[in-house]
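A.B. asks: Following the hints, complete the assembly by docking chains W and U onto the known chain F.
Given next are the chains, with one letter for each unit.
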Amino acid sequence: MTIRHIVEVGQFDRNWVESLFDHADRMRHLNAERAPLHGRILATLFYEPSTRTRLSFESAMLRLGGQVISTENAREFSSAIKGETVEDTVRIVAGYADGIVIRHYEQGAAGRAALASPVPIVNGGDGPGEHPTQALLDLYTIRHELGRIDGLRVALVGDLRFGRAARSLARLFCLTQNTELLFVSPPAVPMGGDVLAALDVSGVRYRIETDLARVLPEVDVVYQTRIQRERFATPEEYEASRGHYVLNENAFAQLARSAVVLHPLPRVDEIAPEVDADPRAAYFRQAHNGVFVRMALLDLLLGQ
Amino acid sequence: MTIRHIVEVGQFDRNWVESLFDHADRMRHLNAERAPLHGRILATLFYEPSTRTRLSFESAMLRLGGQVISTENAREFSSAIKGETVEDTVRIVAGYADGIVIRHYEQGAAGRAALASPVPIVNGGDGPGEHPTQALLDLYTIRHELGRIDGLRVALVGDLRFGRAARSLARLFCLTQNTELLFVSPPAVPMGGDVLAALDVSGVRYRIETDLARVLPEVDVVYQTRIQRERFATPEEYEASRGHYVLNENAFAQLARSAVVLHPLPRVDEIAPEVDADPRAAYFRQAHNGVFVRMALLDLLLGQ
Amino acid sequence: MTIRHIVEVGQFDRNWVESLFDHADRMRHLNAERAPLHGRILATLFYEPSTRTRLSFESAMLRLGGQVISTENAREFSSAIKGETVEDTVRIVAGYADGIVIRHYEQGAAGRAALASPVPIVNGGDGPGEHPTQALLDLYTIRHELGRIDGLRVALVGDLRFGRAARSLARLFCLTQNTELLFVSPPAVPMGGDVLAALDVSGVRYRIETDLARVLPEVDVVYQTRIQRERFATPEEYEASRGHYVLNENAFAQLARSAVVLHPLPRVDEIAPEVDADPRAAYFRQAHNGVFVRMALLDLLLGQ
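Chains as they are written, first to last, in this note's numbering: chain F, 2 to 305; chain W, 2 to 305; chain U, 2 to 305.
Excised from the complex, chain F in its bound form (with noise of 0.2 Å):
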């Protein structure tokens, strides 16, 4: 399978995924003297800021030995780019750069823009719709961290209905064997049917849960995400949602000593920072692995 755009977690295949994860771990390794893509520029085209995605693409970028063109806030900026169609723009701004990382507010504009491009487009983000490379680097993770993304049970806890994150995930978890997931959220926020659905079609098993005490000494990997208190009726709500969802010393005892623990990372108080040196807190070193998913996703659109 030839992938020229990254859009949507639905276009993966699972050997492409297999071949892409191999490649990160040669990118783990990459002599700097390589630079496979010497000469081509990357543009990071950001409708709204978001730090961490932009600079860890622009660290790809370098690292495989290419150049970077960035703007970091175009919605704000740049009257002339809200004016004009996201097709227009990409159309323009392709005859800049060799490849295109698009972070948009409105779901579909990653889409709109492949079709447009004449250079390829990943999506880094398009408002409440998908962000595949999240999902790859989340998934590439848990592979690098117990050896294998089949025969595994996972949490995934939090705000999972409109946690970006942690549907992504999901969805690309219908890639997988033998695999239960347990969507672990308050009643108020639980996993979206539509995902349910993908997974009920691909035959993965999963349980809704809203304990999550329970479910910890049963799991090898906790995906933890952030609860938003604008999701709840009253502050009262929140504050009783919340505290049940903490990871913590405690929790952290009761986990396998296998086991992992995720989160696509700001973290606000949802895992307690005293939990960091434990060696089963890889949300760190997720978060660098998206360097190495980056790389290889790079390499494979933009290079020979």
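Keep in mind that the hints were calculated from the coordinates and are not lab data. Certain hints may be false.
[What the hints assert, rightly or not] Part of the chain W face toward chain F, derived, beta carbon under 8 Å:
(1) H30
(2) T52
(3) E59
(4) L63
(5) E73
(6) R76
(7) T86
(8) H145
(9) L266
(10) P267
(11) V269
(12) A273
(13) A288
(14) V292
[As the list claims (entries may be wrong)] A few chain W residues facing chain U, derived, Cβ under 8 Å:
(15) T72
(16) G84
(17) R92
(18) A98
(19) G194
Built from N, CA and C at the ideal position, the CB exists for glycine as well.
C.D. replies: What follows is chains W and U alone, placed relative to chain F:
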């Protein structure tokens, strides 16, 4: 003629422009290994954002093997820069970079910068003043598309009174032979008398027109520009004017087969997307040409 | 002495400073082919904009053959970064870069970053706290202009109470011999007692002065700084103070032939442009020296 700073269209003579364009032609096929500006740094000092112009210059510098330091919105960002004269800022940044592209909201700012600067300055647009590299890439595109810049009949269409791009391009035609310019605009926003006077001095013929449809069949080039609502006394006047100056399939049907349509972009609705695939629609190629013209310019100013 | 992070002036000893300055001298003539930091990436993580400091560090990194990833205004831009601790942000960015320059609006932020970071941190200014690389480039400029940093009489002029640059430079003089500092300020904004106490401990002599004119004939260095209107109770008090501390042709006429005038820049009107061409006006050379000092620093921290 040696040019050290690029401030305004009036600096150029025919030989310099031709040799710049020849150099831009060579830039289309520059080998990435060549890197004539290796080890040199360009600062893009933008007091107001202009994503397109900035990324185009940055891409040009990187393609030449150079490096870039950049500020996207100096006016908003830096209270320090806000309180300081352009001359002081430029003297300081000249210690960080080998050349400076300046974009400023005040007419004349680029000229003042050039007087103060120990390194080459390029005017990337100074308020209602000049945008000389836009005019150069426009004329270069005409040469690249049609093979010549003399003996052409060119319609400049839209807001000719406030449109900086059309004004600068009209002035640049003073360097050509046997040109006829057709100024096609609503009566409220005609081409300024200062430009007409310059054309008179240079012997460039021109006609004032208001009816685009009548003009289309007889021209080699249509240079379309935006008409801005705020230039009109009432919304009704604006709406009445606007519709007459739209390039759509009907308009293209009246154009000669060999004609080309340019636009400095961004467009709003003055060119219908339905004609984008017509080979005469040259505006995205024109934007791309900006990189080659700016490569040629930077190489002339900063190379050995 | 090995220094891993640059947080505050108090870290430095005389040998380290001298060897840094020797290295900065070498950087003036670095061959672009050398590229000692080839393949390395510096992140400039600016929570508040400071175009000058940022571009100076970025130019330094690029001149060493390294690469840069950058955020110009993290506080405004990234709601994610806003809610997260500096420690978390730094741990994540350390996965993208080999070193981090941090500029923050809170005193102590750079120190906290250094404690959390697996890669070298450089303090690019933390609120009312420290700006150690400014102090280093100031003292380096004195050495470069006068050939020595001992046995000098130095006037620090302007707002000495709130001026971070003057405070840091005064502290750095603790490493010198046989220095006399003259603190010349309006009575409302004197040099702080904490700095005076540090000078007492180190045996640096100093005098408190208010009359700039009287001091000028006897000093080797004038370090001029801004006086900010908002530090004064009334506009009248401000106006009364300000005029006495302006360096113009009259003031320069009283300076020794071999004296030099420095300023951290930007200036408003405390140095008249009429003296810019005087060879004793060293402030633009001082800004340029910032690149060489930062090259030396980055090479020490990030090189082999």
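A.B. asks: If any of the earlier hints don't hold here, list their numbers in rising order.
C.D. replies: Those not satisfied are hints 1, 6, 7, 8, 12 and 19.
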